[in-house]
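**Q** Okay, here's what each chain looks like letter by letter:
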Amino acid sequence: MSVLLTQVGTLARRSMRKTLRQPFQMFPIVFFPLILLAVNASGLKAATRLPGFPTHSYISFAIAVAFIQGGMFSLINTGTNLAEDIESGFFNRLALTPLRRVSLIAGLLVGVAALGALQSGVYMLMGLVAGAHLRAGAGGVLVILALGALACVGFGALGCAAALRTGSGEAVQGLFPLFFVFIFLSSSNLPRNLLKTGWFHTVATWNPISYLIEGFRSLYIYGWDGTALWRGFAVAAGLSIVALLAVAGAMRTRLQRT
Amino acid sequence: MNARASHDGAAHAPTPTPAPGGGIWRVARAIAWRSLHTYVRRPDLFVPSLVFPLVFLASFAGGLSALGSVPGFRFPAGYTAFQFVFVLCQSAMFAGLFTGFTLAFDFESGFARRLMLAAEDRRGIALGYALVALTRSTVTLAVVSGVALAAGMRITGDGVDVFGLYGLAALLVLVGYGWAAGVAFRFRSIQAGPLMQTPVFLILFLAPVYVPLGLLKGWIHAVASVNPATAFLEAGRGLISGVHAHTGLAFVCAVALVALFGAWMLVSLRSAENAA
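So the protein lines, in turn, are chains A and B. Residue numbers for the first sequence follow my numbering, so the first one is 1 and each next one is one higher. Residue numbers for the second sequence follow my numbering, so the first one is 1 and each next one is one higher.
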């Protein structure tokens, strides 16, 4: 057991360093959610005047989207890093060592979870500076860190599955627009009760990203909303399980080739 | 040695004198034909340029339609038309940007360098890719317009207004292309992609995207008031609704930007020539 923990710890540290040392990977994680938050919070402030809008602070409403965008960047960064390892042959050499196979991905994902918690902390800080009010208080901070880490594990695992399946960083990068569509077609900009276009309301209701966003958002706007939170955690956990199953399948195929 | 001799032989071979001004168009036509051929044959190139505007249209016109009921929001053609103009401007500028990506890819693959050696007038290369940008944008704008009309968009402007709207869009294609091609000629690598996209993305989103300028408050109002993209959006919305606003200013800004980025592109082309 301790050998497994050592292996996972070593690979997790490597995974974190690999992201933290690359400005090209760190820049979008911080810069893009910040810019989109600033632009949307100012441009859509008028939406708070709509009857039924749950808060007078659009920034408190919009900050939730930053956590999801962070998750998307985890997908891209984790997948690209793993694809680079595959392309350079490092992954194959690692697979030939006595390292346990589960550590190969677990190490990567533990690093992703730690980075996910870290970036969630950064977004909370950014929100605080911009005037977002976290109604759930100090306990809410811990829940956001946990939900942020779990969501990043789910997205990161999807990136790993894509990297293992294709072995190409370019193919992983190509997934980004696809996942961005999920954010756009959700309750990211308005609450679902204010989505007046029928088909869009239906798509947003079926889109799991809406529930993930609403989980984060509930802590800022309502404080402790059990329903929104369990749905948010259920989506993050479900995403992680599905993605890990995809990783297991792709890993089997990849190692057979090795 | 043989290769050298052959090269020297080719260099000293008499070449027909091209008609004045003819070379640039010959090169431009050849590049435009080749790039459009590639565009049609490779869905991975044209699908993203269609998907993004459609997602923006669906997300903004569909998801934010409630904003049309915000107190003080008045737009005669409705919220779908209001957002369509933003998507049209965004699609036009991004059609230019995507052509800049193609040029950067061609430099990375070595094709553009060979092209520079072969072209009788290298300005024809820049002109050829500009034709590609305009042709690609025709496809994108036609699809986006078709989807918007199918979704029930109302146009309350007349035929001349609509012609003006698409004329403005054509100028924006050239603005996006001029900027992106300048970056592509200067850096000659797709690594410069973020440098092409990010400023255009920021300029577009620092304009009144979701509500009219009058409903924006704080710093975004101050920035949007001096942003040329605001003039494009207000003019476009004026043309589609028939209630004109800043139309002349928008066309003057667009023509000035085409001239500015055209000059930037030609200076960058010179830099690429020196490096080749």
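Treat the hints with caution; some may be incorrect.
[As the list claims (entries may be wrong)] The calculated lysine to any residue pairs, modelled on SDA-like cross-linking and capped at a C-alpha distance of 25 Å, are: (1) A:LYS18 <-> B:SER271; (2) B:LYS217 <-> A:LYS18; (3) A:LYS196 <-> B:HIS244; (4) A:LYS196 <-> B:LEU149; (5) A:LYS18 <-> B:GLY238; (6) A:LYS196 <-> B:VAL55; (7) A:LYS18 <-> B:GLY68; (8) B:LYS217 <-> A:ILE35; (9) A:LYS18 <-> B:GLY72; (10) B:LYS217 <-> B:GLY238; (11) A:LYS18 <-> A:ARG192; (12) A:LYS196 <-> B:SER189; (13) B:LYS217 <-> A:THR227; (14) A:LYS196 <-> B:ALA192; (15) B:LYS217 <-> A:HIS56; (16) A:LYS196 <-> B:PHE56; (17) A:LYS196 <-> B:VAL258; (18) A:LYS18 <-> B:LEU149; (19) B:LYS217 <-> A:GLY52; (20) A:LYS196 <-> B:GLY68; (21) B:LYS217 <-> A:ARG165; (22) B:LYS217 <-> B:ALA192; (23) B:LYS217 <-> A:PHE31; (24) B:LYS217 <-> A:LEU125; (25) A:LYS196 <-> B:LEU215.
If you are wondering where the hints come from, they were derived from the structure by calculation, not from laboratory data.
**Q** Given the hint that A:LYS196 pairs with B:ALA192, does the C-alpha gap stay at or below 25 Å?
**A** 40 Å, violated
**Q** Take a quick look at whether B:LYS217 and A:THR227 sit within 25 Å of each other, Cα to Cα.
**A** Violated. B:LYS217 to A:THR227 sits at ~34 Å, over the 25 Å cutoff.
**Q** Between B:LYS217 and B:GLY238, does the CA-CA distance stay at or below 25 Å?
**A** 22 Å, holds
**Q** Quickly compare the C-alpha distance for A:LYS18 and B:SER271 to 25 Å and report which way the hint goes.
**A** 35 Å, violated
**Q** Is the straight-line distance between the alpha-carbon of A:LYS196 and that of B:SER189 25 Å or less?
**A** Roughly 44 Å between the alpha carbons, so the hint for A:LYS196 and B:SER189 is violated.
**Q** Taking only the CA atoms, is the gap from A:LYS196 to B:HIS244 under or equal to 25 Å?
**A** 28 Å, violated
**Q** Between A:LYS196 and B:VAL258, is the straight-line Cα distance small enough, at 25 Å or below?
**A** 39 Å, violated
**Q** For a C-alpha distance cap of 25 Å, please report whether A:LYS18 and A:ARG192 respect it.
**A** Status violated; Cα separation ~39 Å.
**Q** With the threshold set at 25 Å, check whether the alpha-carbon distance from A:LYS196 to B:PHE56 stays at or below it.
**A** At roughly 17 Å apart (the allowed maximum being 25 Å), B:PHE56 and A:LYS196 satisfy the hint.
**Q** B:LYS217 and B:ALA192 were given as a pair; does the straight-line alpha-carbon distance stay at or below 25 Å?
**A** 34 Å, violated
**Q** B:LYS217 and A:PHE31: Cα distance at most 25 Å?
**A** 23 Å, holds
**Q** Are the Cα positions of A:LYS196 and B:VAL55 separated by 25 Å at most?
**A** 17 Å, holds
Checked against the numbered hints above, the structure violates hints 1, 2, 3, 5, 7, 9, 11, 12, 13, 14, 17, 18, 21, 22; every other hint is satisfied.
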